[in-house]
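A.B. asks: If you read the sequences in order, they're chains A and B.
139 is the number that numbering that gives the first Met the number 0 gives to position 140 of the first sequence; each next residue is one higher, with no gaps.
271 is the number that numbering that gives the first Met the number 0 gives to position 272 of the second sequence; each next residue is one higher, with no gaps.
If you are wondering where the hints come from, they were derived from the structure by calculation, not from laboratory data.
By construction, the Cβ of each residue, glycine as well, lies at the ideal position given by its N, Cα and C atoms.
Mixed in with the good hints, there may be bad ones.
What the hints assert, rightly or not - To give an idea of the interface, some chain B residues facing chain A are shown, with a C-beta separation under 10 Å as derived from the structure:
(1) R17
(2) K20
(3) A28
(4) A43
(5) P44
(6) G154
(7) E157
(8) S161
(9) I232
(10) Q235
As the list claims (entries may be wrong) - Here are the in silico distance ranges between beta carbons for each label pair:
(11) A:L442 - B:D187: 26 to 32 Å
(12) B:A134 - A:I183: 38 to 44 Å
(13) B:G197 - A:G242: 50 to 56 Å
(14) A:D484 - B:P109: 52 to 58 Å
(15) A:L180 - B:R94: 50 to 56 Å
(16) A:L150 - B:R94: 34 to 40 Å
(17) B:E39 - A:S103: 55 to 61 Å
Given next are the chains, with one letter for each unit.
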Amino acid sequence: MKIVAVRRISQGFFLALFLWFCVVSSLGVEVWQLRGWPVSWFLELDPLVALGTILTTRSLYAGLLWALVTVMLTVILGRFFCGWVCPFGTMHHAVGVLGKRSMSVSERIAVNRFHPYQSVKFWILVFLLSAGAGSLLARGIREGFQSGPLLWLAAAVSILLAGVTLVGIWGGKRKVGTVLLGLIGFWTAAGLLFAAEGMIGASLQTGLLDPIPLVYRSVNLVLLPLADSSTHVLSVDQRHYEGAWLIGIIFATALLLNLRVPRFYCRFVCPLGALFGVLSRYALWRIGKSCSDCIQCGLCEADCEGGCEPLGQIRVPDCVLCMNCLDGCKHEVIGYGIQPSASGEIVSPNLSRRSTLLALASGVAVIPAVRLGGQLGSNWNPGLIRPPGALPERDFLKRCIKCGQCMRVCPTNIIHPAGFEAGLEGIWTPILNYRIGSSGCQLNCIACGRICPTAAIRPILLDEKRGVGPYEEIGPIRMGTAFVDHGRCLSWAMDRPCIVCEENCPVSPKAIFAREHFSTVRAGLASVRSVSGGRIELAESPFRPGEFATGDYFLTVRASKGGRRSLILENSEGTITVQGAWEGIVKSGEEVEVQVRLQRPQVDPALCIGCGICEHECPVSGLRAIRVTAENESRSRKGSLLL
Amino acid sequence: MSHSTEGKELSRREFLTRSAKAGAALALAGGVSAWLYDTEGPRAPSAAGTGLVELDDFSVYGLETRMSIVHGADRIQSLDVALKALGGIEVFIKRGDRVLVKVNAAFATPAVLSATTNPDLLAEVCRRCLKAGAASVVVTDNPINDPESCFALTGLREAAQSAGARVILPRAGFFRPTTVSGGSLIKDWPLLYTPFQGVTKLISIAPVKDHNRSGASMIMKNWYGLLGGRRNIFHQDIHNTIKELAMMVKPTLVILDGVTTMMTNGPTGGSLSDLKATNTLIVSTDQVAADAVGGTLLGKAVSDLPFIVKAAEAGVGTADVESLKPVHASAA
Numbered sequence: 000m001k002i003v004a005v006r007r008i009s010q011g012f013f014l015a016l017f018l019w020f021c022v023v024s025s026l027g028v029e030v031w032q033l034r035g036w037p038v039s040w041f042l043e044l045d046p047l048v049a050l051g052t053i054l055t056t057r058s059l060y061a062g063l064l065w066a067l068v069t070v071m072l073t074v075i076l077g078r079f080f081c082g083w084v085c086p087f088g089t090m091h092h093a094v095g096v097l098g099k100r101s102m103s104v105s106e107r108i109a110v111n112r113f114h115p116y117q118s119v120k121f122w123i124l125v126f127l128l129s130a131g132a133g134s135l136l137a138r139g140i141r142e143g144f145q146s147g148p149l150l151w152l153a154a155a156v157s158i159l160l161a162g163v164t165l166v167g168i169w170g171g172k173r174k175v176g177t178v179l180l181g182l183i184g185f186w187t188a189a190g191l192l193f194a195a196e197g198m199i200g201a202s203l204q205t206g207l208l209d210p211i212p213l214v215y216r217s218v219n220l221v222l223l224p225l226a227d228s229s230t231h232v233l234s235v236d237q238r239h240y241e242g243a244w245l246i247g248i249i250f251a252t253a254l255l256l257n258l259r260v261p262r263f264y265c266r267f268v269c270p271l272g273a274l275f276g277v278l279s280r281y282a283l284w285r286i287g288k289s290c291s292d293c294i295q296c297g298l299c300e301a302d303c304e305g306g307c308e309p310l311g312q313i314r315v316p317d318c319v320l321c322m323n324c325l326d327g328c329k330h331e332v333i334g335y336g337i338q339p340s341a342s343g344e345i346v347s348p349n350l351s352r353r354s355t356l357l358a359l360a361s362g363v364a365v366i367p368a369v370r371l372g373g374q375l376g377s378n379w380n381p382g383l384i385r386p387p388g389a390l391p392e393r394d395f396l397k398r399c400i401k402c403g404q405c406m407r408v409c410p411t412n413i414i415h416p417a418g419f420e421a422g423l424e425g426i427w428t429p430i431l432n433y434r435i436g437s438s439g440c441q442l443n444c445i446a447c448g449r450i451c452p453t454a455a456i457r458p459i460l461l462d463e464k465r466g467v468g469p470y471e472e473i474g475p476i477r478m479g480t481a482f483v484d485h486g487r488c489l490s491w492a493m494d495r496p497c498i499v500c501e502e503n504c505p506v507s508p509k510a511i512f513a514r515e516h517f518s519t520v521r522a523g524l525a526s527v528r529s530v531s532g533g534r535i536e537l538a539e540s541p542f543r544p545g546e547f548a549t550g551d552y553f554l555t556v557r558a559s560k561g562g563r564r565s566l567i568l569e570n571s572e573g574t575i576t577v578q579g580a581w582e583g584i585v586k587s588g589e590e591v592e593v594q595v596r597l598q599r600p601q602v603d604p605a606l607c608i609g610c611g612i613c614e615h616e617c618p619v620s621g622l623r624a625i626r627v628t629a630e631n632e633s634r635s636r637k638g639s640l641l642l
Numbered sequence: 000m001s002h003s004t005e006g007k008e009l010s011r012r013e014f015l016t017r018s019a020k021a022g023a024a025l026a027l028a029g030g031v032s033a034w035l036y037d038t039e040g041p042r043a044p045s046a047a048g049t050g051l052v053e054l055d056d057f058s059v060y061g062l063e064t065r066m067s068i069v070h071g072a073d074r075i076q077s078l079d080v081a082l083k084a085l086g087g088i089e090v091f092i093k094r095g096d097r098v099l100v101k102v103n104a105a106f107a108t109p110a111v112l113s114a115t116t117n118p119d120l121l122a123e124v125c126r127r128c129l130k131a132g133a134a135s136v137v138v139t140d141n142p143i144n145d146p147e148s149c150f151a152l153t154g155l156r157e158a159a160q161s162a163g164a165r166v167i168l169p170r171a172g173f174f175r176p177t178t179v180s181g182g183s184l185i186k187d188w189p190l191l192y193t194p195f196q197g198v199t200k201l202i203s204i205a206p207v208k209d210h211n212r213s214g215a216s217m218i219m220k221n222w223y224g225l226l227g228g229r230r231n232i233f234h235q236d237i238h239n240t241i242k243e244l245a246m247m248v249k250p251t252l253v254i255l256d257g258v259t260t261m262m263t264n265g266p267t268g269g270s271l272s273d274l275k276a277t278n279t280l281i282v283s284t285d286q287v288a289a290d291a292v293g294g295t296l297l298g299k300a301v302s303d304l305p306f307i308v309k310a311a312e313a314g315v316g317t318a319d320v321e322s323l324k325p326v327h328a329s330a331a
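Isolated chain B (complex conformation) (with noise of 0.2 Å):
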């Protein structure tokens, strides 16, 4: 880059070129200047949130809240009587829907201990969503544990692939802002929102757990699994954050998943004890309903349970399950 100049008289046209040169650089830095100069400074960090998300409303247009709960020993078995109660898998997925399924995959532990969605009932929507003509189906969760480790011991990762589904394991990129439109609580969060792209349907399936804070994790409490960020903070106040969780989310269909439901020591578990056969399976369109008929199974009341009130209040769906007429059937 070295460059010089061999001595000798500087002629006017050198003397003009440098002078241009010069004048140009005297200019570059002033117009710069003039361009950038800000006299006031940053501003405050602010507390209104920039470039938000919504999820979309995923439940089927025009469609009559339709639930069915079923008593059995065997998932895929009730799963199948629930179904067809409800007139099918083909009446929420249509061919080519691009489907979610939110799972509870909380921590590392084998499926058996129920501390996570039951990977054969995973695996068996998974199917039946793609057998409807579903162009694809994702699975994904943030969960407590490590997630990778979570989707291996549950099983999860193994069973959604085994069906022909794809599992989105949540990374820093997938989070984007949301307010919950509505509410208080839930504002400018992080939302595991990048699996949702081009998704049509969503479906959640949970275990029913025994939960210290709120009393129950079911349905409404598996939307915690679409927060990012440091969520614990929720749980100062956990029953108005399941009901603006509840508000967050319009699904397609919930699948409560009661056959085993954990009593106590939740919602971890870790032991056989822990566990109850409780043989029931809720599908629903209403994830309130779910929620009220699940906490029956770990001896709740709805009114024992402030987050199914809260968010029946919201709009979110109703407490009062014998006003949808649910079928109520057996699978054995």
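Chain A extracted, bound-state conformation (with noise of 0.2 Å):
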């Protein structure tokens, strides 16, 4: 069998099994659903996360040790992860064949060749790993000023320098300034890490752009709710997710750009692949050449993925190791192996110092700069409701990748990717919305903090979720809190009894409790021409007939005449039969009541664990009557509203 035929069935398989890993992210117990399916596996394999986290948080959360093995192989192998698992690549892989069948071989050849912007993937990683590091490295810098010694070794290499460069400058060695200039960089860039550390934030921005989850996000968000709302297999009802738009137009544009150039973001975007062009620095096994002297034929590059140029001085860093190549030469002159290529190779990005300095600093500045809008300290965003178990905000942003894998397992569908929520860093993070889905947060559901594959949200017991057991001293872990909005409550606002979300509060005792309240109707006062046992005559007939026999009506005399209260049973347009005898109570003349009774909602905030569940029931069904808002979250001190 041909390598390319075995490399197709590597790409179809992995392709399959994350297509599979997505359908099976569905509740139960049945084969094809999550029972147990590591359906993160892909996103633990990618060096990617495990890098980002390893810079933001200085752990690696358990199952991101697979990335070790992603790295070791790449290490020995080169970029096998791009042409043989990765199921991104091979969505662009498949497009770009498409795209190609039209064009001739020598537009192939052009389409396939070199281009110097394959410089921009290691300019995205670069910026978006120092994104994350910036703090890390302010923290450096801090701890080598606080430490005497280091200071001063760092001084005293300086001074002596400075001093050397000096005196070749004198020298007339003009090279030996940029030597002074580094110096001054260095110094400059310490200072002002040092001064700002504070703002300096680890945001871990890799997921907008990793290859891995934007396909789980882009798969599980747009493509499977599409795709399933014809069938209904994977969910009862038509899942939803706010500005999954955004997502699929992204997902459609990288798949779609296939058509003009080969794997286009494998080659100019993707950070991931840049990552394993810089640890296939060192590969034992390439490709390249048996002979410089071959006839340049240049069918080698027909068809290569990478846009490496196999025929001259192979690019290692950005060949993909599609091996078609292998299959393109006719003369067996093309081989992988421990051998050099004989027309040369060149083992490292295509990468200036100047233009690498450039991506790391903006990297570092763009996270103050993004978090001048105050969103993490008193300008926090009481909208953005985060799931149960989600780290304060600070953490969540050192571990969030945006893969999406909390909103697919969401059993309720009130996971969303946050559009603006949580400022421009916190794009495509998991918000909760209670208006779309089928209810509130479940109170025995902890599926978001099982599958977050990094521990943005923490993998709970149930048991710490509910604040049972070793952890009733904490208590349950608060979401949020539910507002009742007197102007739009039907009983506070509109004399109609409801009360759905006391009913519907899931906590034990209830965070919602009813305070009785009796409301005289409008119009409800009528003068009485007779009495005769429990039959009320009036002097006028102003009701409906049984408007006021629902159970909820009562007739009741000013408290002058001893405020007796009755539930009304029936009534016609003069009459009202109460409950009782009203002999006695009322005269011929004198005036009662209709009133009704509600029962008006009120939150106790000691209780509420913001799950949602009664803004979800909420029959105001725009802008509900009660709404959860993320003032009093476990997670941060900083919406407390209770001592």
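Please dock the two separately framed chains into a single complex, following the hints provided.
C.D. replies: In structure tokens, the structure reads:
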């Protein structure tokens, strides 16, 4: 079997496996449902996830250890992941093949030629990683500054270097001037980092363009809901995701670009590919030519997926090991082995020191800039309700890779990709929406924290979520607090009995309780003509027959008359029948009042967990009359409501 | 950074070098992974704070409780009489002391409205401290309105600076978490701590004011201005909070200014008609006793002000003023 056939089988297998994992991320115990399938495995294999979280948190969380396997294989074999495993890469590959069908060989050779902009992916990698590493850098600088010996050592080395270079410049050696400039640059940067440490955050932004989170969220939040809308196999009812259109457009654009340039994303954008490119520097096995004096037919480049120029000096960081060059070469000049290519090889990314530094500095600076809005401080967004067990916002942003696994697994479909609710850096991070979906956050569900590959949502136990057993003293996990909008609530503003929110409150004792209130209905005053037992005849006929016979209406007389209040059993236009006898309570000519018994909802903030079931059930269907905002959420003290 | 090799036969040495580098990369990746491997994941944000701080005890060691109550319309004269009655400021401020004066700068309103510490009184206290040999005097508060505006409009900044003192405005980095030992409300809460670094003596100067929630804003309530964060949740249990504030701070001396008392519309005031000339200045080492006297200016007995009773029960001081044998004097 040809090696490209093996590659295609591998690609097909891993793509199918990935799609299978997307499908089985459905709640249930069937084989095709979530019953222990390692559905986040591709995310765990992704070394960019591992490296990003290491930089932001200085820890490697559980399953992310799988990335070590990928790293090790890459160091030995090169970018095998891109050409053989990556599901997004396989999609690009397939679309690219479609795009090449109408091209001649020379056109294909032209389109697969190396382009200098293939460096962009390295800038993206450096930029995204330094957005996460800024605070680590600043911390390193601070600890260096604070430790006397280190500071003195750095100062001594600098002074020595400066002296040597000055002597060099004096002696007319121009080149040494760059060392001096480098020194000035280093101390300026160090000083800035030291002074601004408070503002320099660690924010994990790799997930924006990391292909694995990107393909997960695109398939799970866009493709599956569309595909399943006709079958309803994966979910009972239509799944919705706010802002899915943007995710869909980016996904579609990335795929369609392959029609112009094969593997456009892999060549120009992919930060994971860039990381693999760096890691493949010492790869033991490489693609290469066995002799440099081949006939230069160029067929090896006709289907080159990486645009890495195997014909000449092969660019190792761009080679995705598609093996098409082996297949294309009719003279068996190209092979995969430990010999370096006879026509030479370029093992480092095409990246200047200047552009690397620029990408690094922008990455470090961008997070303080987006945080100038103060959304991590007093300007925090109360509409940003995070899933149960989500870390405090600052730590959350260090871990969330925007993969959308929590949104996919949530059985009630209440977890959504954020727009700008969490600021620019929080785009596509999970936010709860209690209007979409089948209910609020289910009291006995902890699926989101269990699936989260990076523990941005902690893998809590049910006991912890509910605040029982060993967690009794701490109490349940609160996502926010429900607030009653008195201007919109049926029983607060409109004299209509309701209390649906209290009924649906799932905590025990209930966080919502009802306060009984009797309200005289509009035009509810009437004067009495006669009384006979419980039947009161009125002087006029102002009422609609049966309108007070619902069990919620009462007839009352003024307190000065004893304040008697009786349930109305029946009414016609001019008579009201109440429970009990009313002879002697009112006389002819006296006034009675029709009152409605209201149960007005009241929230006990000490008990409310912010699950949003009340909000979901509230009959005021637009802007709900009871709404959850993030005040009092467990993960932060900033929003504490209570002492 | 581009590095390339011209095509040639791979020598054994080159292959070994490359293998060694690859091996080193593998070892590095493996080592870092093993070192940083974490099966548990992050813990729940814990309630127990780390890096908690506490304020020192600023009272003069071994000094018995002293108190003077001086009647008169002139604050400077009254202060002079009051301090003399206590043995002079030298009893409290020694050469080399670093003094912090906690004022009530709560609102960005002019001094004449008496919603804030009187600037003349502040200046006089600062001068006397420096005269007694204090190495430095800093004035601070975390007011309710914009801090810069507060210190400017109340005249407190100018007063402090004219007397040779330095004003420290609060900023985020100045707050450190504190827990009041023996308390239950102020736990792991941000305290305006940085201005206290190196400080050896603490003086509080506060006006007597009407206050809706607690009944009166005087010395003990003035410590509220040392708290940061969303401190207004403490209004849910204001009396116990004031008690804990009093437990939290052990001042050298407190000066309660009842020369003018804000009788109504407190604690902001805003009109001269809210004020009444009550012509009383209380200087004391016992903050509870000072507040007990101040309350009478508002027409309130100790029993009307639960925070005084609670603070006394907690052992902060005594509400039985006469048991301290205060010096009563007149400055007129």
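A.B. asks: I'd like to know which numbered hints this structure contradicts. Please list them from smallest to largest.
C.D. replies: Going through the list in order, the structure violates hints 6, 7, 8, 14 and respects the others.
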